[in-house]
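Q: Spelled out from the first residue to the last, the chains are:
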Amino acid sequence: MPTLIARRLAQLVPTVLLLSVIIFSLQHLLPGDPALVLAGENPDEATLAAIRAQYHLDQPLIVQYLYWLKGVATGDLGESMRHNRPVLDLILLKLPVTLQLAVMGIGIALVVGITAGIISALRQNSAVDYATNIASLAGISVPNFWLGILLILFFSVHLGWLPASGFVSPSEDLGMNLATTIMPAFVLGIGIAGVIMRHTRGAMLQALSSDYVRTARAKGLNERSVVLKHAMRNALTPIITLGALEFGALLSGAVLTEQIFTIPGFGKLIVDAVFTRDYPVVQGVVLVTSLFYIILNLLADIGYILVNPRLRG
Amino acid sequence: MSTISETQSSANPVTNLFRGRLWRHLSQRKSALVGLAVVLFMVFVAVFAPLLAPYDPTAQSWTAVRKAPSAAHWFGTDEAGRDMLSRIIWGARASLLAGLTSVGIAMAIGVPLGLAAGFLGGLVDGFISRFTDAMLACPFLILAIALAAFLGPNLTNAMLAIGITATPFFIRLTRGQVLSIKGEDYVEAARAVGNPRWRVAVRHVLPNILPQLMVQATLTIATAIIAEASMSFLGLGLQPPAPSWGSMLNSAQRFLSNAPWMALWPGIAIFATVLSFNLLGDGLRDALDPRSR
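Heads up: the sequence lines are chains A and B, in that order.
Going by my numbering, the first sequence opens with residue 47, and the numbers climb by one from there.
Going by my numbering, the second sequence opens with residue 43, and the numbers climb by one from there.
Hints may contain errors.
[What the hints assert, rightly or not] A few chain B residues facing chain A, derived, Cβ under 10 Å: (1) Leu162; (2) Leu185; (3) Pro195; (4) Phe275; (5) Leu278; (6) Pro282; (7) Gln295.
[As the list claims (entries may be wrong)] Sample of chain B residues at the chain A side, in silico, Cβ under 8 Å: (8) Asp98; (9) Arg172; (10) Ala294.
Hints are computed from structural coordinates only; laboratory data are not their basis.
Ideal Cβ placement from N, Cα and C applies to all residues, glycine included.
Pulled out of the complex, with its shape left as it was, chain A reads as follows (with noise of 0.2 Å):
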């Protein structure tokens, strides 16, 4: 076990790397001469001198890479534009709001899918099993941000029970932080649900078809325990792996459910910051969220290999 984890961890560098240097090359993108960019409006020769040298802009490319790098690798990953502060401060004040989001979204779309699946899966080819497809479907095809415009006009606007925007922290006022973020949690969740039922659905007629399952079944068992003590266990292991892949996937709907419910959150920072031309913070966000996508795939692996039997050596 330990030579597999060392292995993934050894396939990890040079993605890591390329992944560094495909974010390097977004600044490339822009027009022209990013000195000019970088130094706002009507800047003289002398301010574009200085900036080129403080970004090393004046350098072979392949230079201005390796500084770069330099100093993403000690946590240096720029100047925010716009608020003259550290773009990895901004993160790390944005981060815990939308971490708290995904959690929240991670956790509905847990609980939702995990229980259409099973339920789908224990009344294959019913209406249930159909309409529970459908509903699936319907979830990954919903544009988020019309979800919670939906969620806003019918909870805020025409219920008044839920503030339509706004987050209130939870060391604030732990009422308040669920009433503003329930919505956007929801939002966030129901996409992922919709894939975490069809994926249960799948391991679950798996599992029910498989020869334990039988076996468990002759021996006189009753369907409860062959479902939840023999099937269930088995066909929701993958189902956690994927729970954990898919938290990555949350923190790019947080960009539209943060913009839509105005929560200061990780996807807000980067909407701002391209907006006004913060490129230090679009790339900072950018680098984080892969990064954050790529802890979370390592450990949702080696999850899946400490539970299961075959892989643990």
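Could you slot chain B onto chain A? The hints should help.
A: Chain B only, in chain A's frame:
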């Protein structure tokens, strides 16, 4: 994002296509037929938008601002008095164009790279595969937004950004399919008679992985349409006053309490189109995969 299995069997898929078996299997799945019907309807609407739209989609009327649906304006009007139905009809063009163009870009880059990786192996495969892993590590929408931000906000750049971001799906799928069939007898035979590798790849391998690519393309169009709508919603796609479903939803946000129809129609249009492509993609996958029947 839905992807299909890399190791999916391709038992005579091309022959199946030409003998109409695909249609026979597809026609047994009602949900796929519904998907196909809606997709064809949307294509019809997009192509004939100038004839179908009752009004000019950009014509403003300050005497008809935020009017509820009526006989004169079936879907109501927006904050500038523009006819919502006309804007929805013209918006179909932008959405389908974005979906098809982005997937075209992704396939044009991804399929040759996937063929090269699967066929050449070694260092080329190693580099392309690691590059694909790196691209896939960036969350789809965040990378597309970042690319569009650096390229500049307009529909062309949004399509380019979505296309580039979707490229790894096609590299990975093509490579997997090539690996699964490159040991088949007919591929070996084509190589044995002296065909160059590029010819074997293009003439013998590519046609046999087309069905799987077709499924992936259908599912990716759905993803691309949502991505384009998301980017237009954020202001990174088609710029107002040009009609786009995403930007229409953005405007609707400000008038939820007094003009809720502004948020209803563009959302339904995106949802119906994306759901239809997903239903069709699912149906195609089931029809082309013997194991699922």
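Q: At a threshold of 8 Å, is the proposed contact between Ala294/B and chain A supported by beta-carbon distances?
A: Result: holds, 7 Å to nearest chain A Cβ.
Q: Report holds or violated for the interface hint on Leu162/B, using the least CB-CB distance to chain A and a cut-off of 10 Å.
A: violated, 18 Å
Q: Is the interface hint for Leu278/B satisfied, with its Cβ closer than 10 Å to some Cβ of chain A?
A: holds, 7 Å
Q: Against chain A, run the beta carbon of Phe275/B and see if the smallest gap drops under 10 Å.
A: holds, 5 Å
Q: Would the stated hint for Pro195/B survive a check requiring a Cβ distance to chain A of less than 10 Å?
A: holds, 8 Å
Q: Given a cut of 10 Å on the nearest C-beta pair, is the interface hint for Pro282/B held or broken against chain A?
A: This hint is violated: Pro282/B lies away from chain A, its Cβ roughly 15 Å from the closest one there, beyond 10 Å.
Q: With chain A as the partner, please determine if Leu185/B meets the hint condition of a C-beta pair closer than 10 Å.
A: Status holds, d = 6 Å.
Q: Does Asp98/B hold up as a contact with chain A if the rule is Cβ-Cβ below 8 Å?
A: Status violated, d = 26 Å.
Q: Can Arg172/B be said to touch chain A, with a Cβ gap under 8 Å?
A: holds, 4 Å
Q: So, as I understand it, the hint says Gln295/B touches chain A; can you test that by seeing if any CB pair is closer than 10 Å?
A: holds, 6 Å
Going through the hint list in order, the structure does not satisfy hints 1, 6, 8.
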